[in-house]
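*Asks:* One letter stands for each residue in the lines below.
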Amino acid sequence: MKPAPFRYHRARDLAGATRLLAELGEDAKVIAGGQSLVAMMNFRLARPQHLIDIAGLRELDHLGTDADGALRVGALTTHHTVETAPPGTLGAEFEVIRAAMGWIGHLPIRTRGTAGGSVAHADATAEWCLLAVALDAAFLVHGPRGRRRIAAGDFFLGPYTTALDPDELLTEIVFPRPAPYAALTEFAARRGDFAIVSAAVDLDVQGASVRGGRVALGGVAPVPVRVPEAEEVLAGGGSFTACAAAAAAAVEPPDDANGSASYRKQLIATLVRRACEEAVSR
Amino acid sequence: MTDTDTDAGTDSDTGADSLPVDSSPVIGRELQLITLEVNGEEYEVITEPRRTLVDILRHELRLTGTHVGCEHGVCGACTVLLDGRPVRACLMFAAQAEGAAIRTVESLSDGADGSELSDLQRAFRSHHGLQCGFCTPGFLMLAEGFLAERPQATKAEIREVVAANLCRCTGYQSIVEAIDSCAAARREGEEK
Ligand SMILES: Cc1cc2nc3c(=O)[nH]c(=O)nc-3n(C[C@H](O)[C@H](O)[C@H](O)COP(=O)(O)OP(=O)(O)OC[C@H]3O[C@@H](n4cnc5c(N)ncnc54)[C@H](O)[C@@H]3O)c2cc1C
Ligand code: FES
Ligand code: FES
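Just so you know, the sequences run in chain order Z and V. Reading the first sequence from the start, the letters are residues 15 to 296 in the working numbering. Reading the second sequence from the start, the letters are residues 900 to 1091 in the working numbering.
Calculated from the structure, these hints are not laboratory results. Be aware that a few hints might be false.
Just so you have them, the derived chain Z footprint on chain V, three or more residues with Cβ under 8 angstroms [said to hold, decoys possible]:
| id | region |
| --- | --- |
| 1 | 925-934 |
| 2 | 981-993 |
| 3 | 1002-1009 |
| 4 | 1051-1062 |
Calculated Cβ distances over 10 angstroms to all of chain V for the following chain Z residues [unchecked claim]:
| id | residue |
| --- | --- |
| 5 | P19 |
| 6 | A25 |
| 7 | Q63 |
| 8 | L77 |
| 9 | G78 |
| 10 | H135 |
| 11 | L171 |
| 12 | R204 |
| 13 | S253 |
| 14 | T255 |
| 15 | V265 |
Distance windows between CB atoms, simulated [what the hints assert, rightly or not]:
| id | chain 1 | residue 1 | chain 2 | residue 2 | range |
| --- | --- | --- | --- | --- | --- |
| 16 | V | S1008 | Z | G39 | 58 to 64 angstroms |
| 17 | V | A1055 | Z | T284 | 32 to 38 angstroms |
| 18 | Z | T284 | V | G983 | 19 to 25 angstroms |
| 19 | Z | T284 | V | L1016 | 43 to 49 angstroms |
| 20 | Z | A249 | V | F1033 | 54 to 60 angstroms |
| 21 | Z | A81 | V | E1089 | 41 to 47 angstroms |
| 22 | Z | P101 | V | A1084 | 47 to 53 angstroms |
| 23 | V | T1053 | Z | S274 | 36 to 42 angstroms |
| 24 | Z | T175 | V | A1084 | 48 to 54 angstroms |
For every residue, glycine included, the Cβ atom is placed at its ideal position computed from N, Cα and C.
The whole structure should be built from the sequences, with the hints applied where relevant.
*Replies:* This is how it looks when you write it as structure tokens:
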């Protein structure tokens, strides 16, 4: 299908984009890589009156660690930029993020799709959303009322719904601490599809033993979730298999055309264990 | 898109200090002037902003080599190169492609009538990498972009990459063989 008519506006800088958003109000939508929005417009699931192209905001296209060791990902950084970043850029500390990019769609999607667009779109199984929840990321947001910082745990409100106000722009994702023993894995019906279930873990390793860690799941709830029950198993010195079983027992996954609840539980048990094993084999 | 194309342009190029924003309701057909660089040539098109790149390539520029299937990014028939990288031409508005160098399948072959096929196209032919040919322009541009980025690509990597596009009649084996043999021949050519 063809999209409904709209007016196209090109923002030249952050101030210009903010001003356009403020003046055009709720009828306007920002377009970054367009890999979710254009598909939705072609289906007429989205029919914005105004489209604000922010692709020219080069200040939002950056990737690197800061003095505190946090990884800062500009909202306009593409999946492909992260995937092909020179070894030193993310390092072993953030290899989990680079490696996760291969799960996102296909090469021609990754060359256009952006990190910021992914989290603003907030698909329940999007890899960036799961990484953010698992690694306690924060989102930096810019709007007419100034800047604010939103923790990943407070950002995702429901499927395709976030704490961003309609006139706010996401500018940066901050991953606050190194995650050398973290991994993300998933299962999809076909290579490149959105996952049916995805799992990410970030383990605390001292010497040769696991002292605790974070466990997050996608595809089991309207938003990516942390699973405290599974994290307790890790903190108590339990095995990866026990941790995975606790994760599967703790959640009430949906029962739909992509998979029954019990099928999803089996996936969780396998994927959490696999992610833990991958995390310690780095 | 400049601030002066007032006849055709209803868009704005907005920085902190620019002209007032046109926030009036969008009624009916609004036109916009866009300039595209396709296969090394510059084209000016007056069109509605809602036209996608693939529609402009096919219907305005009459470059019908690029095909269109699903219009939601799944099939890859519309794959073209944007600044050398494979992208879905159905998932971008033509206006978003301003300032970028676009390459379509028409750029691969040489000769006055385009009958001198490129090495990649010849590899598809000799490995039976196509039957009906509907998907072929998309696979060619996907492979062209990927091999430029990864000339050392392994067969496993090629298999992974072609999962991006759908072919419903040839099957993928011969497409993988074609791309792999072209990559190998290019590497050998480099060594000489
Ligand atoms: C065939 C196919 C397969 C895919 N598979 C996957 C997959 O497996 N996993 C996955 O995660 N994704 C997948 N995607 C989606 C892809 O990752 C998109 O790139 C991503 O969801 C959106 O990023 P974008 O830059 O394209 O955003 P756009 O499409 O431009 O925008 C998406 C939404 O975010 C808003 N937005 C964008 N940027 C900002 C910003 N800076 N501030 C505020 N709002 C903003 C827009 O207004 C819009 O509502 C797939 C897409 C396709 C077509
Ligand atoms: S027509 Fe663009 S991906 Fe199918
Ligand atoms: S050759 Fe017919 S779809 Fe691929």
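*Asks:* Can you tell me whether the CB distance of T175(Z) to A1084(V) sits inside 48 to 54 angstroms?
*Replies:* 51 angstroms, holds
*Asks:* Do T1053(V) and S274(Z) keep their Cβ atoms within the hinted range of 36 to 42 angstroms?
*Replies:* 37 angstroms, holds
*Asks:* Okay, A81(Z) versus E1089(V) on CB: inside 41 to 47 angstroms?
*Replies:* Given range 41 to 47 angstroms: holds, Cβ gap about 42 angstroms.
*Asks:* Would you say S253(Z) is clear of chain V, with no C-beta pair closer than or equal to 10 angstroms?
*Replies:* 32 angstroms, holds
*Asks:* Is the distance from the Cβ of S1008(V) to the Cβ of G39(Z) consistent with 58 to 64 angstroms?
*Replies:* Roughly 49 angstroms apart at Cβ, these two residues miss the hinted range, so it is violated.
*Asks:* At the C-beta level, are T284(Z) and L1016(V) separated by a distance inside 43 to 49 angstroms?
*Replies:* At 47 angstroms between Cβs, range holds.
*Asks:* Note whether the CB distance of T284(Z) and G983(V) lies within 19 to 25 angstroms or breaks it.
*Replies:* Violated - the Cβ-Cβ distance for T284(Z) and G983(V), about 39 angstroms, lies outside 19 to 25 angstroms.
*Asks:* According to the definition I'm using, a residue is off the interface if its beta carbon is farther than 10 angstroms from all beta carbons of the partner; does L77(Z) meet that for chain V?
*Replies:* The claim stands: L77(Z) keeps its Cβ more than 10 angstroms from every Cβ of chain V (closest is about 17 angstroms).
*Asks:* Examine the region 1002-1009 of chain V: at least three residues should have C-beta closer than 8 angstroms to a C-beta of chain Z.
*Replies:* With 0 residues closer than 8 angstroms to chain Z, the region 1002-1009 of chain V misses the three-residue bar; violated.
*Asks:* Beyond 10 angstroms from every chain V Cβ: check whether that's true for G78(Z).
*Replies:* Holds: least Cβ distance 22 angstroms, greater than 10 angstroms.
*Asks:* Would you assess whether T255(Z), listed as outside the interface, keeps its beta-carbon beyond 10 angstroms of every beta-carbon in chain V?
*Replies:* Consistent with the label, T255(Z) stays out of reach of chain V, its closest Cβ about 30 angstroms off (over 10 angstroms).
*Asks:* Regarding A1055(V) and T284(Z), is the given constraint of 32 to 38 angstroms on their beta-carbon distance met?
*Replies:* 23 angstroms, violated
The structure fails to meet hints 3, 5, 6, 7, 12, 16, 17, 18, 22 from the earlier list, while all remaining hints are met.
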